[in-house]
Amino acid sequence: MNSLTAAVLSVELDRMNSTAMTARRQLHLPPPPASTFPHQPGSLLSVQDLTLEEVSRILIRATALEHQDPLTRDRILAKRRVALLFYESSTRTRTSFELAAKGLGADTTLVSSLSSSIEKGETLKDTGLTLRALGAEAIILRHNSSGAPWLLEEATRLPVLNAGDGMHEHPTQALLDLRTIISHLRPGINHLEGNTLSGVCVTIVGDILHSRVARSNMLLLPRLGVQVVLCGPKELLPELAALTGPGISIERDLDAALRRSKVVMMLRIQAERLAGMQIDLEQYKASYQLTGQRLASFAPLALVMHPGPIIRGLELTAGVADGPQSVILEQVRHGVAIRMAVVERALKAGEREGCA
Amino acid sequence: MTALAIRGGHVVDPGGGIDAAKDILIKDGRVVEIAGPGKLKSANGADVLDATGLTVAPGLVDIHVHLREPGQGYKETIATGTAAAAAGGFTAVAAMPNTNPVNDSPDITRWMLAPERGAHIRVYPIGAATRGSKGEVLNDFAALKAAGAVAVTDDGHPILKDSVMRETLAAAARVGLSVIQHAEDTRMTQGASMNAGPAAFRLGLRGMPAEAESSLVERDIRLVTELRDARVHLHVAHASTAAAIAAVRQARRNGLRVTCEVAPHHFLLTDEHVAHYNTNAKMNPPLRSGADRDAMIEAILDGVVDAIATDHAPHATHEKEVEFENAPNGITGLETALGLCLRWLHREWKLPMGRVLSLLSAQPAALLGLKGRGTLTAGSFGDVVVFDPKAEWSYRVAETRSKSRNTPFDGWAMQGKVRWTISEGRVAYDSEANA
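Here the protein sequences line up with chains A and B, keeping their order.
Sequential numbering from 0 applies to the first sequence in numbering that gives the first Met the number 0.
Sequential numbering from 0 applies to the second sequence in numbering that gives the first Met the number 0.
If you're looking for bench data, these hints aren't it; they were derived computationally from the structure.
Since we're looking at a predicted model, the values are computed, not measured.
These stretches of chain B come out as covered by chain A in the derived footprint (C-beta under 8 Å, 3 or more residues): (1) 195-207; (2) 311-322.
The calculated lysine to aspartate or glutamate pairs, modelled on DMTMM-like cross-linking and capped at a C-alpha distance of 20 Å, are: (3) B:K133 x B:D161; (4) B:K319 x A:E153; (5) B:K133 x B:D106; (6) A:K284 x A:E234; (7) A:K78 x A:D68; (8) A:K124 x A:E136; (9) A:K119 x B:E318; (10) B:K389 x B:D49; (11) A:K124 x B:E320; (12) B:K416 x B:E398; (13) A:K119 x B:E320; (14) B:K370 x B:E32; (15) A:K124 x B:E318; (16) B:K416 x B:D387; (17) A:K101 x A:E65; (18) B:K160 x B:D139; (19) B:K319 x A:D125; (20) A:K233 x A:E250; (21) A:K233 x B:E210; (22) A:K347 x A:D73; (23) A:K101 x A:D68; (24) B:K319 x A:E121; (25) B:K389 x B:D18; (26) A:K284 x A:E271.
Beta carbons are placed, not taken as given, at the ideal position from N, Cα and C, and that holds for glycine.
Could you put together the complete structure from these sequences and hints?
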């Protein structure tokens with residue numbers, strides 16, 4: 000992904016404090032680092048590791064696996080070993096990964112930070128090596144530190160599936176969000192191209208700064224032609240968020256953002272990551288809460304999404320969460336299918352290459 | 000009496016104004032004669048090093064290293080750190096006081112200088128400015144200086160209180176010591192692990208704003224201005240931001256004694272090099288934006304920067320093999336500084352060889368008043384680096400003499416290979432001897 004071509008910059012050479020004598024020079028600079036990640040073709044560390052072709056393949060496999068007879072499906076990874084390593088609490092992600100792996104016949108084991116030797120000070124590297132020694136063939140990792148999956152993959156050289164790392168990424172969430180969007184806006188399409196979602200505006204609202212879901216979606220959706228609009232207060236949405244990639248802009252006014260949007264993704268304020276930041280919740284709700292009235296006035300046809308967990312009465316009202324535009328539980332359902340596809344990919348990607 | 004003659008080389012001694020084919024004679028640790036090829040008068044019986052085709056320069060001087068002793072010998076010892084320094088062409092290093100315990104007393108300073116430490120080259124301890132580097136109570140600078148300290152600093156624990164910093168600058172000036180400040184307003188960098196900016200946002204890491212550095216540099220310069228004492232010397236350690244450099248530039252125009260150093264990683268790398276959470280790209284100050292990096296290059300080329308210093312900061316492998324946010328700050332640098340400076344500053348960016356070497360020897364030595372270092376004029380210490388300026392090679396950290404391997408430059412192309420490093424007339428490094 001990183002270009003190896005040496006960047007070139009010009010430097011104003013201001014000699015002896017003289018403004019009269021300046022020379023313009025072209026300077027060669029050391030190249031940006033070359034990536035050796037992912038080491039394993041089955042790993043899913045970041046949505047940026049996936050080509051559109053690979054994303055398409057995952058969506059196609061998700062649909063096929065979802066429709067396959069469970070009795071034949073569970074032979075696909077029969078008795079293969081998958082470890083779930085969770086350093087943060089989780090309901091949806093953990094359960095759906097577990098159901099996905101089991102649905103393919105794999106044996107799963109869950110290691111969580113509270114009830115394991117992690118409490119005694121064992122490092123991520125040693126925990127990973129231990130799981131590998133116990134026969135794990137892939138590790139699904141949820142971690143509170145951004146970048147932890149890269150460390151784990153480097154240490155174990157096993158396929159690692161990033162189930163959320165700190166404030167960084169949550170690639171399977173972005174894939175299941177994509178599947179949810181496609182199923183409503185482009186039903187039947189499964190081969191993705193750069194313009195598959197052209198003209199679609201997706202607004203992500205709330206605590207963008209601390210959100211790995213936002214980052215993965217910001218990096219994935221524009222590659223299909225989506226205009227991503229970020230909406231939130233300055234404390235939770237710094238201006239430089241728009242520089243994360245192409246196709247991303249900021250709109251501070253929720254009503255204006257809704258008016259453009261076919262999809263609105265609501266985010267929870269991540270109290271556990273605020274690090275002392277004070278948010279006036281009443282003011283926040285007045286500006287950014289998704290209410291039935293707002294929705295009816297500005298985006299009566301938009302899909303309402305939320306990665307969960309939702310806080311009813313904060314980022315959205317109960318009426319919106321349970322209302323006809325909400326696809327929040329559909330997202331959860333798509334999660335199992337997507338995760339079946341990426342778990343299968345984790346354990347089969349190497350094999351496929353080996354056979355080829 | 001021991002004597003060593005270095006014959007047939009090309010001497011580049013910016014401090015002594017020499018750039019010519021010369022032979023050098025060192026006796027009893029001092030340069031005694033420098034003469035045209037074959038013209039040494041008193042070289043009879045001296046050991047001879049044949050430097051034909053090689054550059055002979057003053058031994059390099061690094062005024063910012065962490066040797067980790069006392070207290071953290073598993074990362075580095077004075078012996079291993081100075082072995083790495085010698086391999087990199089250095090003959091004098093100034094050691095930061097953030098040891099365990101902190102070097103805030105003459106006893107610890109003397110302990111560091113004791114022959115039992117096994118230093119391969121000259122070590123100059125830097126004393127802590129305040130007791131335990133806690134930023135409250137000033138140490139006895141006269142006593143530290145008498146024990147051998149050449150400057151004071153609280154390094155990684157910058158002095159935030161105006162009153163304490165003002166007192167430090169004034170007290171150090173009275174005894175003729177420089178004050179080195181690691182400029183970081185730590186109130187702005189809590190929980191942050193890299194430079195603030197788009198890269199940090201993308202990586203989901205909390206960022207250290209450039210203002211955390213520049214605002215403290217500006218505060219310190221204001222204090223120097225207010226003190227109105229020509230003896231006050233503020234040295235800005237590892238400047239990394241365009242704004243900090245601009246402040247130093249302005250202070251100098253105003254006639255203040257304010258100097259600064261830049262580390263090779265800050266003129267070569269940017270925060271994009273943190274990609275994939277490489278903990279060997281984690282240090283403090285962090286790798287900055289492309290614009291900041293460009294400003295470092297510009298400042299070196301136009302002469303605002305007084306010294307290249309490595310901030311050699313060894314850490315054990317197990318300490319760096321952790322989550323990025325939990326990894327300690329710092330990278331090693333003693334073995335890569337010369338090769339990177341010649342490869343980039345000299346070859347790519349056309350800074351004359353003499354100026355590159357001056358930034359690595361004469362200027363840092365003068366800055367801290369290290370008498371007899373950084374030059375080859377007669378009477379100076381016999382500190383010499385002999386290197387092949389044309390040699391291109393790749394750095395291999397597996398072969399390092401440091402105890403630690405935390406470098407982002409493993410496998411990088413280097414220019415200029417050290418053949419010998421001579422410390423006070425003794426061969427401290429010989430590239431063809433067994434390590």
